[in-house]
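Hey, can you work out the whole structure from these sequences and the hints?
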Amino acid sequence: MSFPAGVFYVFAALAVVSALGMVLNLRNTVAGAMCLVVTMISLAGIYVVLEAHFVAVLQIMVYAGAILVLFLFVVMLLNLRSDAFSPPRSRIAKLAGVALGVWALVGFLGLLPGALPPIAQISPTFGSYRDVGLSLYRTYVVAFEVTSFLLLAAIVGAVVLAKRRLS
Amino acid sequence: MPFDVILKVLFIVLVGVAAFAPVITWVERKQSAVMQDRIGANRADIAGITILGLLHPLADVLKLIGKEDFVPAGAHRFLHALSPIIAALPAILAFAVIPYGATYQFPGFAPTTLVGADLDWGLLYIFAIGSLATYGSVLAGWASNNNWAMLGSLRASAQMISYEVTMGLAVVGVFMVFQTLRLTDMVVAQDTTFRIFGFLETFGIVQTLPGWLSWLRLPFWGVLVQPLGFVMFLTCIMAENKRAPFDLPEGESEIVAGYFLEYSGMRFGLFYMSEFIEVVVIGALLATIFFGGWSIPYLSQETIIGSLEPTMGAGLATALCMVAHVATFLLKVVVLIWLQMQIRWTLPRFRYDQVMDLCWKIVLPLSLVNIFVTGAVLLLVETAK
Numbered sequence: 001m002s003f004p005a006g007v008f009y010v011f012a013a014l015a016v017v018s019a020l021g022m023v024l025n026l027r028n029t030v031a032g033a034m035c036l037v038v039t040m041i042s043l044a045g046i047y048v049v050l051e052a053h054f055v056a057v058l059q060i061m062v063y064a065g066a067i068l069v070l071f072l073f074v075v076m077l078l079n080l081r082s083d084a085f086s087p088p089r090s091r092i093a094k095l096a097g098v099a100l101g102v103w104a105l106v107g108f109l110g111l112l113p114g115a116l117p118p119i120a121q122i123s124p125t126f127g128s129y130r131d132v133g134l135s136l137y138r139t140y141v142v143a144f145e146v147t148s149f150l151l152l153a154a155i156v157g158a159v160v161l162a163k164r165r166l167s
Numbered sequence: 001m002p003f004d005v006i007l008k009v010l011f012i013v014l015v016g017v018a019a020f021a022p023v024i025t026w027v028e029r030k031q032s033a034v035m036q037d038r039i040g041a042n043r044a045d046i047a048g049i050t051i052l053g054l055l056h057p058l059a060d061v062l063k064l065i066g067k068e069d070f071v072p073a074g075a076h077r078f079l080h081a082l083s084p085i086i087a088a089l090p091a092i093l094a095f096a097v098i099p100y101g102a103t104y105q106f107p108g109f110a111p112t113t114l115v116g117a118d119l120d121w122g123l124l125y126i127f128a129i130g131s132l133a134t135y136g137s138v139l140a141g142w143a144s145n146n147n148w149a150m151l152g153s154l155r156a157s158a159q160m161i162s163y164e165v166t167m168g169l170a171v172v173g174v175f176m177v178f179q180t181l182r183l184t185d186m187v188v189a190q191d192t193t194f195r196i197f198g199f200l201e202t203f204g205i206v207q208t209l210p211g212w213l214s215w216l217r218l219p220f221w222g223v224l225v226q227p228l229g230f231v232m233f234l235t236c237i238m239a240e241n242k243r244a245p246f247d248l249p250e251g252e253s254e255i256v257a258g259y260f261l262e263y264s265g266m267r268f269g270l271f272y273m274s275e276f277i278e279v280v281v282i283g284a285l286l287a288t289i290f291f292g293g294w295s296i297p298y299l300s301q302e303t304i305i306g307s308l309e310p311t312m313g314a315g316l317a318t319a320l321c322m323v324a325h326v327a328t329f330l331l332k333v334v335v336l337i338w339l340q341m342q343i344r345w346t347l348p349r350f351r352y353d354q355v356m357d358l359c360w361k362i363v364l365p366l367s368l369v370n371i372f373v374t375g376a377v378l379l380l381v382e383t384a385k
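For the protein sequence lines, the chains are A and B, in the order given.
Quick note: the first sequence uses the working numbering, first residue 1, plus one each step.
Quick note: the second sequence uses the working numbering, first residue 1, plus one each step.
No lab work stands behind these hints: they were computed from the structure.
Hints may contain errors.
Pair by pair, the computed Cβ-Cβ distance ranges are [to be verified]:
| id | chain 1 | residue 1 | chain 2 | residue 2 | range |
| --- | --- | --- | --- | --- | --- |
| 1 | A | ALA19 | B | MET35 | 45 to 55 Å |
| 2 | B | ALA81 | A | ALA12 | 26 to 36 Å |
| 3 | B | ASP353 | A | ALA154 | 46 to 56 Å |
| 4 | A | ALA96 | B | ASP185 | 47 to 57 Å |
| 5 | B | VAL13 | A | TYR9 | 25 to 35 Å |
| 6 | A | GLY101 | B | ALA81 | 32 to 42 Å |
None of the values given here were measured: they were computed from a predicted structure.
The beta carbon of each residue, even a glycine, is placed where N, CA and C say it ideally should be.
This is the structure we're talking about:
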């Protein structure tokens with residue numbers, strides 16, 4: 001097993017374990033959120049193995065460093081300590097969960113070797129901020145601008161909703 | 001070569017963390033004493049020898065180790081123990097990408113660069129690592145099961161997230177000018193000079209500058225080409241460090257001691273040390289981005305080595321140049337640490353709404369204007385050439 005593959009398996013295992021930790025940590029929301037932080041950081045590690053350095057940095061900066069801090073902020077502000085809310089115990093929800101899991105597993109097995117396209121050669125500058133920036137502002141400029149417009153709409157919507165509650 | 005990597009790591013840890021940080025706790029005490037017209041820390045002694053109070057950091061450590069390691073009732077024990085470590089680690093890790101010397105070619109050796117890791121995205125690495133430091137203060141307050149500590153955590157998380165955004169935008173102008181995010185390249189780009197009135201020639205206002213005007217040169221430092229960026233970045237990064245005037249998460253007159261209220265002994269010591277390690281990191285980062293890092297103004301690396309080489313040979317000339325560069329870098333860091341101390345003891349604490357207004361209503365729009373103006377100027381220079 002090569003070194004990058006070893007690093008990949010370490011981070012992949014960490015991502016899976018911490019994701020399970022987040023889902024199963026029903027009693028303690030803050031611990032669950034911290035598990036999600038570990039998942040995000042392990043994903044960033046996997047991106048580094050895949051040579052996507054810029055995406056890895058953004059993963060840590062945006063998801064682990066900003067969005068999840070906001071999650072924690074909200075959780076702490078509501079101060080939901082243990083027993084504040086119980087997990088859904090209805091049988092239908094459980095069955096639906098199992099069915100969804102099986103469906104995802106079948107879909108994943110279909111992707112295993114054989115179904116994968118051959119691996120393309122990447123350029124030496126692949127994943128650098130220059131490459132990402134150029135393709136973002138040249139090839140995908142329309143999609144980029146539409147996304148920013150969507151985010152702006154979401155921000156304005158959030159402010160409008162929050163202000164209505166205040167007054 | 002793993003040997004030189006070990007040497008570099010040792011240098012960074014010994015100088016940045018082990019030597020600088022304890023000494024600046026002493027500098028902080030002396031600085032506050034000077035500002036408040038007191039004598040300052042001078043009592044700790046070994047057999048009557050005080051060395052100007054420099055033994056105080058040692059006495060501090062002994063005191064902290066001797067204290068009871070207290071965990072409050074109802075605290076989340078694991079996160080309570082983990083958060084001082086999360087607070088201290090990012091500050092130490094940030095040193096990895098800060099260059100403290102240039103690339104040197106000793107005869108008979110491969111060229112070496114004096115930096116821990118020469119990353120293409122070095123500046124982004126610092127932002128990414130720095131953004132994780134928020135968890136240290138946020139979790140500390142929550143895990144302590146104390147309402148004052150919780151309030152401190154809420155203040156810390158809101159303040160740090162807000163200033164992270166503006167901190168990133170404040171330096172965009174700098175990497176537009178230097179065209180790189182790699183910190184070593186950024187310093188190399190600053191190891192030169194520019195003509196103060198050179199723009200007259202570029203834009204064709206005069207055909208050629210008269211001789212004496214073209215001799216007026218300034219070092220091509222970030223602070224001179226991006227003065228507004230420097231002021232905004234300094235503001236944001238001091239707010240990230242949560243020291244006065246931005247020490248609202250601690251706010252001892254309002255919320256006792258904020259997020260580290262329930263910490264004692266070495267756990268508190270770790271929070272305390274991480275604050276001072278951050279001061280050193282900030283000094284080093286400001287020196288690298290805005291004050292030319294290791295570069296000596298008006299004496300570029302080629303000039304130094306080129307003028308020394310005929311008399312003393314390539315090896316000795318390179319070694320002397322290296323020593324001069326590292327010394328210059330450390331001198332700049334010391335001056336910038338002093339600047340932070342001066343600000344910390346000059347300004348009183350802001351009100352919380354003032355902190356948020358400063359971030360979102362003043363610094364953020366100004367940084368956007370700065371990016372726009374920098375872009376426009378760069379475009380004009382490109383077309384005029």
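Status of the hints after comparison with the structure:
The hinted range of 45 to 55 Å is satisfied by ALA19 (chain A) and MET35 (chain B), whose Cβ atoms lie roughly 51 Å apart. Hint check: ALA81 (chain B) to ALA12 (chain A), Cβ distance near 27 Å, so the stated range 26 to 36 Å holds. Between ASP353 (chain B) and ALA154 (chain A) the CB atoms are about 25 Å apart, so this pair departs from the stated range of 46 to 56 Å. For ALA96 (chain A) paired with ASP185 (chain B), a C-beta distance near 54 Å keeps the hint of 47 to 57 Å intact.
In this structure, VAL13 (chain B) and TYR9 (chain A) meet the distance hint of 25 to 35 Å, their C-beta atoms being roughly 30 Å apart. For GLY101 (chain A) and ALA81 (chain B), the Cβ-Cβ distance of about 35 Å falls inside the hinted range of 32 to 42 Å, so the restraint holds.
The structure fails hint 3 only (numbered hints given earlier).
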